[in-house]
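Colleague: Under our numbering, the first residue of the sequence shown is numbered 27, with each subsequent residue one higher.
Worth flagging that the hints you see were computed from the coordinates, not collected in a lab. Treat the hints with caution; some may be incorrect.
Claimed, not checked - Here are the simulated PhoX-like cross-link-like pairs (lysine-lysine), alpha carbons at most 25 Å apart as the crow flies:
1. K120 <-> K33
2. K36 <-> K61
3. K28 <-> K63
4. K61 <-> K146
5. K120 <-> K63
6. K63 <-> K33
7. K63 <-> K36
8. K99 <-> K120
9. K99 <-> K61
10. K33 <-> K147
11. K36 <-> K147
12. K36 <-> K146
13. K147 <-> K63
14. K146 <-> K63
15. K147 <-> K99
16. K33 <-> K146
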Amino acid sequence: MKEALAKYGKPEIFNTDQGSQFTSGAWIDVLSDAKIKISMPLVTLLRNALTVIDGKGAWRDNRMIERLWRSLKYECIFLNAFETGSEMRAGIRKWLAYYNAERSHSPHGILTPDEVYASKKEPMRLTA
27 MKEALAKYGK
37 PEIFNTDQGS
47 QFTSGAWIDV
57 LSDAKIKISM
67 PLVTLLRNAL
77 TVIDGKGAWR
87 DNRMIERLWR
97 SLKYECIFLN
107 AFETGSEMRA
117 GIRKWLAYYN
127 AERSHSPHGI
137 LTPDEVYASK
147 KEPMRLTA
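Using the sequences plus the hints, can you model the full thing?
Modeller: Structure below.
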């Protein structure tokens with residue numbers, strides 16, 4: 027995250043799921059120190075502590091990132107027999123490059139995410 031912030035700057039808000047890496051104190055501290063708003067479905071952030079509120083509708087709160095993770099799993103991870111962590115990282119890196127640069131997305135009018143990003147006159151403020 028620190029490397030991405032240094033390279034691309036900080037987003038106004040960081041939207042994520044409730045995975046353990048995103049709810050860790052270290053991760054939240056990096057976002058908090060950079061004064062980035064944290065959007066996590068059905069979770070209330072209290073300084074460095076988390077209170078998880080159980081309820082319905084979590085998938086709707088974060089449907090775009092959940093769709094990305096589903097696509098990654100079904101289009102890349104489940105279709106490949108990665109034997110090492112290095113192979114998996116390389117495979118995921120290749121799939122993400124395809125997903126962003128070549129795979130058209132209907133919500134973007136059949137443009138790729140890279141094409142949408144490049145067409146913006148102002149920097150995007152909300153990112154996932």
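Colleague: State for each hint whether it applies.
Modeller: Hints, verified against the model:
1. Straight-line distance between C-alpha atoms of K120 and K33 comes to about 20 Å, which keeps the hinted pair within the 25 Å bound.
2. The straight-line distance between the Cα atoms of K36 and K61 is roughly 9 Å, inside the 25 Å bound, and the hint therefore holds.
3. Restraint check for K28 and K63: satisfied, since their Cα atoms lie roughly 15 Å apart, inside the 25 Å limit.
4. With a C-alpha separation of about 24 Å, the suggested pair K61 and K146 falls inside the 25 Å cut-off, and the hint holds.
5. A C-alpha spacing of about 30 Å is found between K120 and K63, which places the hinted pair above 25 Å, so the restraint is violated.
6. Using a Cα cut-off of 25 Å, the hinted pair K63 and K33 holds, with the two alpha carbons roughly 19 Å apart.
7. Note on K63 and K36: the hinted pairing holds, with a Cα-Cα distance of about 10 Å set against a maximum of 25 Å.
8. Between K99 and K120 the alpha-carbon distance is near 13 Å, which keeps this suggested pair within the 25 Å criterion.
9. At roughly 31 Å between alpha-carbon atoms, K99 and K61 are farther apart than 25 Å, so this suggested pair is violated.
10. A threshold of 25 Å between alpha carbons decides the hint, and for K33 with K147 the separation of about 19 Å falls inside it, so the pair holds.
11. The hinted pair formed by K36 and K147 meets the criterion: a straight-line CA distance of about 17 Å does not exceed 25 Å.
12. Between K36 and K146 the CA atoms are separated by roughly 17 Å; this keeps the pair inside 25 Å, and the hint holds.
13. Proposed proximity of K147 and K63 is supported: the alpha carbons are some 23 Å apart, at most 25 Å.
14. Restraint check: the Cα-Cα separation between K146 and K63 comes to about 22 Å, which is no more than 25 Å; the hinted pair holds.
15. Our distance criterion of 25 Å between C-alpha atoms is broken by K147 and K99, whose separation comes to about 33 Å.
16. With a C-alpha separation of about 18 Å, the suggested pairing of K33 with K146 holds against the 25 Å cut-off.
When the structure is compared with the earlier hints, violations turn up for hints 5, 9 and 15 and for no others.
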